[in-house]
Structures are given as structure tokens and as C-alpha cells.
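Construct all of the structure, not just a fragment, from the sequences and the given hints.
Protein sequences appear in the order of chains R and H. Numbered by my numbering, the letters in the first sequence go through residues 2 to 906 in order. Numbered by my numbering, the letters in the second sequence go through residues 37 to 530 in order.
Simulated from the structure, these hints should not be mistaken for laboratory data. Some clues are possibly wrong.
[As the list claims (entries may be wrong)] Quick list of in silico lysine-lysine cross-link-like pairs, DSBU-like style, CA-CA up to 30 Å:
no.	chain 1	residue 1	chain 2	residue 2
1	R	Lys216	H	Lys142
2	H	Lys332	H	Lys419
3	R	Lys878	R	Lys150
4	H	Lys123	R	Lys216
5	R	Lys759	H	Lys123
[As the list claims (entries may be wrong)] Covered, in the sense of this in silico footprint (three residues per stretch, anywhere, with C-beta under 8 Å from a C-beta of chain H), are these stretches of chain R:
no.	segment
6	212-219
7	589-596
8	824-837
9	869-881
These numbers come from a predicted model, not from an experiment. Beta carbons: idealized from backbone N, C-alpha and C, even for Gly.
Chain residues, written in single-letter form:
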Amino acid sequence: MKTMPRRFSILPLILLCGLLLDSSRGEDPTWWSFRPLSRPIAPRISEFRDADRAFNKIDRFVIAKLREQGLRLSPEADRRMLVRRLYFNIIGLPPTPDEVEKFVNDPDPNAYEKLVEKLLDSPRYGERWARHWLDVVHFGETHGYDKDKLRLNAWPYRDYVIRSFNEDKPYAQFVKEQIAGDILWPTSPDGVVATGFIAAGPWDFIGHAEVPETKRDGKIARHLDRDDMVATTMNTFSSITVQCAQCHDHKADPVTMTDYYSLQSVFAALDRADRDYDIDPKIAAKRLELKAQLSSSEQAIAKLNQEIEKAKTDEIRIAEKKIAKIEKSLSSENSNSSQFGYHSKIASTQDTEKWIQIDLGRVASIQTIGLFGAKEYGFDDFGFPYQFRIETALEESFEKATLVAQFEDVDHPRPGSEPVEIKAGGIEARYLRMTASKLWPRHMKGQTVSEDWIFALGELAVIADGKVAEVVGVHSLDSIQAPPRWSKKNVSDGLFGGSSKIHLEKWLPGDSKDQSAQLARLVDLRNKLLLRVAGPKAAARVEQVAIKSELEQKIAGLPKPQKIYAGTIHKGSGNFIGRGGLQGTPRPIFVLNRGDVSQPGDPVTPGAVPGIVDSLPESFKLPANHHEGDRRVALAEWITHPENKLTWRSIVNRIWQYHFGRGIVDTPNDFGRIGAAPSHPELLDWLAVEFRESGGSMKHLHRLILKSAVYRQSSSDIATMAEIDSSNQYLWRQNRRRVEAEVVRDSVLALAGKLGLKMGGPSFQDFVIEHPEHSPHYQYHLSDPDDPAIHRRSVYRFAVRSQPQPLMDALDCADPSLLVDKRSETNTALQALAMLNNALLLRMSEHFAERISAEPEPVAAAFTLALARSPNPSELKTLNDYAAEHGLAATCRLILNLNEFSFID
Amino acid sequence: MNFPLSINLQSRRDLLKTAGGGFGSIALNAMLQQELGAAQIPPNSVTQIAHHPPRAKRVVQLFMAGAASHLDLFDYKPALIKHHGEKSDFGEHVEAFQNGLGPWMKPVWDFQPYGACGKMISEPVAPLGSVIDEISFVHNVTGKSGVHSQATYLQATGFNRPGFPGMGCWISYGLGNLSDELPTFVVLPDHRGFASNGPKNWSSAFLPAQHQGTIIRPGTSDPITHLRPSGKTNFATSMADADGQAVLARLNREHARERPGDSRLEARIKSYEMAARMQLSAPEALDLSKEPAFIKKMYGLAEPGTQWPKTINAPEEADYFGRKCLTARRLLERGVRFVQIWSGNDNGFPRRNWDSHEDIERDHGPLANGMAIGTSALIADLKQRGMLDDTIILWTTEFGRMPSTQGSKGRDHNPFVFTNWLAGGGIKGGLVHGESDEWGYKPLDRRNPTEVYDIHATIMHLLGLDHEKLTFRKDSIDRRLTDVHGHVIKELLA
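Given below as C-alpha cells:
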């Protein structure tokens, strides 16, 4: 508890948010991004040189600015350069030689425009541009931190982004869906899935699942979690770094701590977790309707309960206490435990025998044995053996064993979530052993991931002497002890299959005089007494309960919903409870003194930042009994409001950056006073208004930019221009572009003839998981480069946060723990080594070589495929000589390592 | 001398060119080299560095993953011996991670004084006794969280969440490399697995990628990822590599010649040349076979082919940790600037880490003894080679353990106070700076604890860097290793 004054308390906190700006706060009407947005008039340039080259208004703004600086446009790039530029820029893949030649030789003066349209129509466009978006929102498929577990249901959000780009979804809708789609379009297939945005970033598993919200460490974890949601939302959509106001008011921009925590309160009901959704809108609507009815039924029952409660006599209360006691002993409160089980050590062959045995403490007459699968990684029968036998014995050693059941001739059917029930006919024994003789392979999505063979079991339950037998000891040949998740004693904890001991009661003989019968008697008594004091109410309640149960059955009868890892109201147990049990009421949020969770100050209400949308109040106008979703809807409306000064500028700047390598504002996530100033402020505003008024069409914006003369310029250096503007901020040429990690990988697969174009679905995993029981070890070097499952576009790669993929990491791919508004571009020795020696690239070099080996000039063919031009005689001779000495595969490898392969003119 | 530079990149480069031969030339030359040879630094970044003559050039960080017990190793608490077994009373409400607030528990091992300073340390770490006068202890380090992940991030990167560069990355960014044949920042992870957060602890985050920690796994077939052709292909022979480098250089230079004014093209060519040099020098640097027998023995290395029992044991731990220490020394000699050695994997079972909730003796005994043998050898070896003077050794962990029992033999997390120690590189030896209270529960002076920022600031100071001025602009914030905190611990400086 650091509540005492610290010696650094008088330190200039000014350092935190950086520069030695004067600390005067409040709205700065002079700062460009806080000025209202209006459409500037494009400059007249008819009397300037290059006026005839202006294709659209973009060119007029740029040419006018160039002239101011004493600069002018570079010549247009030739068609061979343009075709390569367009392909990589729009779809992220190289053009084939045929496509190059067709474009280069197309007599149509509109050949360029035709190509732009063709590429924007390609589904590959959405895959390419979704990747940019996923960088910005730091989408990843594991949690990060310690226990970096997989998020197997995160991918539908990635598919949603790809789909949205391909459909050219209006931007305002795209934004609203991601913040509040579950509220605004609950039955659309996009509405719920889009809120994967809120959960895209990292999550501290231990800080949430192993520490309750009541402890300080739990509070810190949840505070950091909301901070990530706020920062991601505001940086992504509005390019304002509100997170700087976490410990003190923003030092540069008009964001107070109250504003910041008001934004936290928008997300205060949410956690990151899997939630259900229906792909079929009709089913979704039906489910919503039933759930609404269920909710009113529950409310009616609650009301009746209250009334009945008032009428209860002491006699009734005593009966209820007894009922509660029995129910408690029959069930467990910790439903999480249903996942716990036994896990053998790993065997290297499938026919290794593994056994586990239980000790009943005394000889008993065994009637029924129940085998329950372990729940793990989406399996209900994880590790359940294909073949096994059940034996009993009087001695622990099992030297004299009696066979009770044997499934060793053919494989036992997979039990799924159903228990395997074995009748033992009253055999007298103290010990019972299950021996697995054909083990289960660890696998993912039906594919075996390794030569690891295991035996796992959720529960081994026994009915003996007419009741659930008590187990006094558990032994096994071996086991992985990773409590509480895996421990051999878990097989007798009475918890299995998401159910409880009650589940087992149905096997008990009918005349059993056990607790169940007593329970039934007590319930009967209680009901009779109740009828006496509150007859009509109790009758109404019985009726409502029947309605409720019918509704629940109807809901259960709907097709099984899909899952998406999203920002959602979570209803959990243990430490990770969420707000589901509280009808989704948001957590109260306070201004935290210096960002310290142990120093809460004034409470805040949901709101946004003042001065950005003049016609909306910064504090949201919501009724006192509003739903948490109303807060997110209000924020989404604020962000997408036509008057929002930041949103429209933010998105057009991002799009511009991906076309030119640099934004008009070079700090795409920060339009505040510490961010960069725009090089072309009028152009930015013109684009923002044009985009907004086009209905937020990205493709419209792409067309404008791609067709402009500015975009089509050559990227060659011109010394006289460089002297004036060496960094090319005024765009007197196009920028030569370094291709990103994904483009390298996808292009190599394409050149090797191996690129699979299957769209969507679960991500491919180019690693093997070892030791999944704690923090999974992601072993990339064990991935088989010839596995066709990994020959997909890199946007479908399963992105692990803690352990980055070595090739992609070396090539500066986005770190999913960071909000990446702009990739870094480096040249390191390790990067060169990765390009030379990565197993996938080496294997693809061989496939590339096979592909061109039958060509009359194989080296020239490889060169042309990779670089969209023929080699000159000197290049060809150099490479042919090398090929003669070291072979075609080695030569293809070199071609992939050429600078020209990694740069686009 | 104080020499603050607060200039933009363009003029900084000019200034570096002219100032290159002057004081602090290692740092300046390295920075110059880094800038000319490497990537674009984002034009919005403002790197402000105040140089003073450095005391040290290199750092070794020893990280005990899982939270090593200060009470059983370095921080001697007679009160715990006296009150062993009595009901613990902290005088205030305590939130413990797993509610491990049993009776007071005395240290598992006896303590004895060592060296001229007479510092008391416990039996398993007794091998450090021979170098104890080089070491200064800080017994009042305090953390922010008792959650491994956050606490490990805090000690490794200065922030308790992902997205920030490791200390080695900052030092690489500030000082650049001493060798262009080996990485600047090398990480030697526990061979059994990564600690909490894995490679995110040494990620370059928003700093350029060349500052990222490079994992080296000594003694394995693939000690550096991609150093050699990986996978099953066989066409990438060393001859094909050598000739290929020449062909690449020729074609890439031709390509660059037609595209003047783009320094990235030349930088990429250079990166291939550096890669080739690394391929030659790294295997030599990692080859321990030429080390004399007495050196191997000193570091606790076992005979090749030694079979180990299944249970955790001290000789095996000494072999693992000693190999890493000896590898570290060889890397430091060859110009690696920052080596991070990890002891302990993720917090799974059976325990091969310091997270002794169940049994301090079982886990801490072998791990601590192995660590102490290797570390003691490293300090002595660096000293005999004259390298201890400019190499800082930092021993750290994510937090400490409680003075009360958990179960009967374990201890729960204690983020309120724990121990760090430093040696070499301008550190005055034989001191204790900052004490914990009589139980080892919280700092004795709760108003003046030591925080990770202070440790980081001190190390940067010894390297000639001002921790307040080595910054990188990210999302509107000029980020630093020490956030908005940190004081150089002057008392520790020699």
C-alpha cells in the first residue's frame, strides 16, 4: 500500500507526457486537429507547370504546395513499375508475368484505371488491408503475460475485418459495430463478432483468473485492462492519446483525468471472454426473443419470490435451511472444477499402457462405474483412450485382478461429453483400476500435433452399496501433477462434465434411502407449508417456473451458437466473476489519484473528451437506469458524429499512409500537440470531408489516391529536389516501399506455387505446442514447412503474443502487444539470417526451383516471376554461373534475398 | 562533466561526427555507427542524451524467475529464528497472493559471515562468500504487484505491462554495439522454458528491432535461430552461402547504384555482411571446449555425458547455470554489451523455478547453490581478466517471499520487499544499502524504499547515460526506462 508520500512526489510529473511544453491546459483552438472540419477549396493551379498532369484535386493540393517550396512532380513511373506497385499496395501479392505483360502492352488509355478497379474487386484486397487494421488494433490470438493461453475463438473478428474491407462497408458503421455492434445490430452476423475489437489486445490471465477483484493486484489488472480498451478505441478511431491522462491531466492536449476515467466507465461492465453468437440472423432473432422472454420470466419469479419470502413462517425457514444443507453437500459451487482431471505423463508410443486406480477404503459391492472425459482445448473427452479395460481387485497390487469390462478389440466410441457407464453387477472389491492400452494423441483440429500419447480422465465414479462410493486414495502409473488443473486426485473430486453429484444420482437404486430421498421429502413439506401461507403466489410461481423451464428448453433446442472472443459482460466463477451476475451493471469508476487503484477519488459518469464534437455534450446524456451498452452506443455516436474533428481526419490519414509510406500526419495515432503537424493540412481536410460525404467509402478514397498523378510518380531520387526536401515530405516523388513481413512470406509462397487462397476460418498454427498445462511452449522450429495447412496468407497466421514467430519478427511484423500505427523498418544481421536460413523460405526456394526447372531459361523465369522484369545480360550471367555451380534451388533462394525483392519502386 | 545534448536527429548526427573522438567516445562512436549503418529512426523521435564519462561498458543481469526468497538467501533476520513457529503478526492487514500467512518461519538454512565486510549469507549461496567484498546488497527493493507476469515485466522493462523495451534494449539503443559480429544484447534463457512473459521481457517493443535481445541457447544444435540453414534442405551449403553472399552483394550494389539517395539499400547490403561475420564468430564464441579444465571446474561444469537424477539437485543446476555464466564471459570478451541470464522456467510443475509456495528447501536449495557457484566464478573470472571494473553484475528477481509460512515449508509472494545486489562496473563492494524491517516483510524505512527505477537509473548512470534523457517518443509520450521515477543510488557508487 503506497499511500504515504514518496520522495519523488514533488518530482516534475511533467516528464511523463514528455516535452517541456507549457502546462497550460484547456482547448487550444489554434491547434490544427481541434479546428472544425470543413472542405477547403482546392488551389487553382492552371497557370503552374504540371497543371496538365493534375488528375484530381489531390494533385492540385500537392502541386500547389510543391510550387511553394520550389519543387515539382517527378515524371510518371513506367507501367512495369506501376503494375508491381499496384499489386503489392492493393493486394499484397506479386503480379504474374502474364499480368505484367498484359498491363504493359494494354493499348487502352484507361488500362491503369481498369487495373485499379480489378485489384480493388479482388478478395485479396480485403486480406491485405485487414492486416493494416489488425496492426492498429493490436489483434493477437493469445493472452500475453504469464500463462499465455490460446484464444481459439478470436479469428471471427479477423474475418469480419476482411469482409468489411471487401464489402466496402461504410466507415461509420464499421466503427459503430466494433464498439457496440452487439447492441446496435444484435442479430446481424457482424454485430457481435465486431466487438472482438474490444478484446483484441493483451489480457493478464493470472491477474484476472487467479486474483479476485477485491484484492489490490486484481484491481490493478482490471484497471490496466480497461486502460487498454480506452487507449485502443481512442487512438484507433480518433488519434487522441487520452491514456496520457491516467495519472495527471494530459500535459499537452485538452484531456483531463476526469475525461479519461469517464471513458473507462464506458467499458466498465466488460471483460474479455468468449461469447455466443448466431451466424443465421433468424436464429439470432429467435434467441434474442426467447432470452427477452426468459428475462421477464426471471423477473416475474424474482418478484413472486420476494412476496413469498415475506409470507414465510419459521417452520418453512427451518425446512429451507435443511434443504440448502443437503443441496450443498450434493453439489459443488465451483463449476470451474468440472474441468479438472488426471493427465498421465507423455508416452512416445500409442500402445504404452497407462493406468489409474482408486481405493474405496473397504470392500464394497460395485454396481456401476462412470467414466467421464476431461474437458480441455474444446474437447469434452480430452485424452480419453481409444482402448482400455476395467479391473477390480481386493489388493492394491492388482496381482489378482478381476476383469470387469474390456474395450481392447476395437476402439471404444468417443464419449464426448457423455459419461461412459459400465455395469459391474455388484462385484465385491476394494480397488478399481482403469488401464488405457491404446492412447490418445495430442491434436488440434483433427490433426495430430506431435508424437505425444497421453491418457487423461475427468472423473472415475463408482456406485457401490447403493450410493456414490467414497474414494480414499488414487494411484496411477504416472501422472503430470499440475494442480489444480491436473492432479490424479481430481478423478474422485465428484465434479465432472459441468455437472455435479446430482448427475450421478439417477444411477442409484430406486429404494435408496439417501440424501436425495430426504431432499425430496423436505421439498415436498416446504411446498405444502408454502401453499398454506401463500397459496396463490406459490401457484403462480410454479406456473412461472414451468414457463421459464420451457423457455430454457427452447433456447437449448436452437442450433448451437458460434463463439467469439470479445469484449463482453462475463458471467464467471472463482476469481474471474465479471459483471454477468449483476445484470451487467458497470463497475463504479473513480478518478484514481496518480493512477493508483488504492487512491480512488471522485466517481465519474460515462463521457468523452470535450471540444471534439461541439454539438454533443462530453458527458453522455443517459437515463439513470441505462444499460451498459447505452454507454458504448453513445461513445460510438460521438466518434462517428459528422462534426467529430478527429475521426474523419484520422482514417483518411491512415489510408494515405498505407499508399505513400508516410501519413500526411506522421503520427497516425496522435493528432495532439505532441504529435506531428500535417504536411498538407488542407489536403487532409479535403480528403476527410470527401470521405465522410462519400458515405465513408474506403474504395472511393483508394480510387482517388491511386488515380492521382502524385501516386503515379516515379520513386527515383532527383538530387536538386532532395536538396530542398530530402525526406520527401512534400511528395515530389513517390516513396520506394519496403515490403512487410506478410508480403515477403505470401510472395514467397506464391512464387513457389504453394500459396493456398482459402479464406477465413481458424488461423493456421505454424508451431507445435509443448507443455500446454501451464504457459504453453510454442515451438516454431517443429512446424513442418511442407504442411499445406500453413501455406495460407499470413493474415491467417495464429499470432502468439509471448513468443513471436521468428521469421515474421525478424521482418518487423507488428507486435500484437503494441498499438502499431506504423511499422518499423530495420535492417539487422538477424533479419538477413532469417531471410537466408528460415526453414520455410529454404523449402519454398526448392519448390520455386521445381516450378521453373522445365523452363527453357529457368533462372530468367524465376527472376521475372519474382521481380516483374527480365534480368539484364549481366545479371543473368551472374545468376546462371551461380546456378551452374550450386543449383537452381540455391539460385531461387538468392533471388528471394535480393534487395529488389524487398523494395517496390 | 555534464554534456546534455538536446538536438534533432539531423544536427545530432553532425555533432556526433565532430565530437566522435572526444570524451565518451565509445558511446558516441557506437551511436554514430548505429545510425549510419542501420535503420531509420522515426523522424519524430527526439533522443536526448546527457553523457558523462562512463564507469562501465557492459552489464550482466541475473534474473531469478519465480521470485527468490531474500529471507533464505541474503537478508538475515534473527527475529524469524527467535519467533519461529509463532503466529505471524504483521501489525496490519496483509493481502497475500495465495493467503500464505501462517506462522513466522525462520530461514531454511544457517547464515554465516563472509569477507572483510562480514556480510551474512546462507549456506546454499556460500560460494558467493569468496567474492562477497565485490558485492553490494539492496535489501529494501519494493515492487508494485504480487502477480508474476506484471512483476517480471516491471523488473525487466520498468513497466508492469507488455509493450515496453527491456533494459538491455534501452542500453543498446543508448550506447550501440561494441562488436559488429555479435548481437549487442544477448539473452540466455533457462533451457527448460521461458519465465513469465517469455521473450516479451527482452522485446524491443517500440525501439528499432536491432535493439531486441537475441536468444542464445548454448550447447544446442541451433544456438541462434537462423544462424545456419534450418530444416531438412541440403542445397544451402557453406560454399553456396559464401558464393551467394558475393552474388547478392554484386547484384544489390548494382540495384542500389541505379537508385541513388536511398540509404536503406546500402544498409540492407551491410546487414548481409554482418550476418556473414556473425556466422563465423558466433560458433567460436559459444565453443566452451577450449576453455581450460580449471576454468570449467570453477564454473561448476560437469563432465560431458554426466547422467542426472530425475529430482532437482545442486550439481546439475550448477552445470546449467555455470555454462551460461561461462558463455556470458566469452560473449562479453567479444563485445556483447548486455547479457541477461535466466534461472527458472515458467511456474509449472515439477518446479524448476524459484516460486517455492510448497517447499523452499526443495527448490531454492539446488537452484541457489547452482546460481552461486556460477556467479561466483563469473565475478572472480572477470576480475582476474580486468573486466570486472567495467562490467556491472545485477542479481534480481520479480519479488521476494513472505516471512510467514505457506503450507508448512513454503512461502507466499512478497512484493513489498525483496533483495537485489550489484557488483563490478563502478559499484562499491561490501555494502548494504537499504534494509528491510525486522521480519523482512516491508522496507525498514517505508517512506524511502528502493524501486526498480533506482536500480535502473544507477546502472544507466554507471554506463554514462542519464536515465531522464534517454527517451523515445511513443504515442505522445517520451518514454524512458525509468518512467517518471528513478534516482541514482549515489551510496553504491565507488
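Evaluated hints:
1. Restraint check for Lys216 of chain R and Lys142 of chain H: satisfied, since their Cα atoms lie roughly 27 Å apart, inside the 30 Å limit.
2. Between the alpha carbons of Lys332 of chain H and Lys419 of chain H the distance comes to roughly 16 Å, so the proposed pair stays at or under 30 Å and holds.
3. Restraint check for Lys878 of chain R and Lys150 of chain R: the C-alpha separation of about 52 Å exceeds 30 Å, so the hint is violated.
4. The straight-line distance between the Cα atoms of Lys123 of chain H and Lys216 of chain R is roughly 23 Å, inside the 30 Å bound, and the hint therefore holds.
5. Under the criterion of a C-alpha separation no larger than 30 Å, the hint pairing Lys759 of chain R with Lys123 of chain H is inconsistent with the structure, at around 65 Å.
6. Three residues within the 8 Å Cβ limit are the bar, and the segment 212-219 of chain R against chain H gives 4, so the coverage statement holds.
7. For a cut-off of 8 Å, the count of residues in the segment 589-596 of chain R with a CB near a CB of chain H stands at 0, and the three-residue condition is violated.
8. Figure legend: the segment 824-837 of chain R, annotated as covered by chain H; annotation consistent (12 residues with Cβ-Cβ distances under 8 Å, at least 3 required).
9. Under a criterion of three residues with beta carbons nearer than 8 Å to beta carbons of chain H, the stated coverage of the segment 869-881 of chain R is upheld, 4 such residues being counted.
In this structure, the earlier hints numbered 3, 5 and 7 are contradicted, and the remaining ones agree with it.
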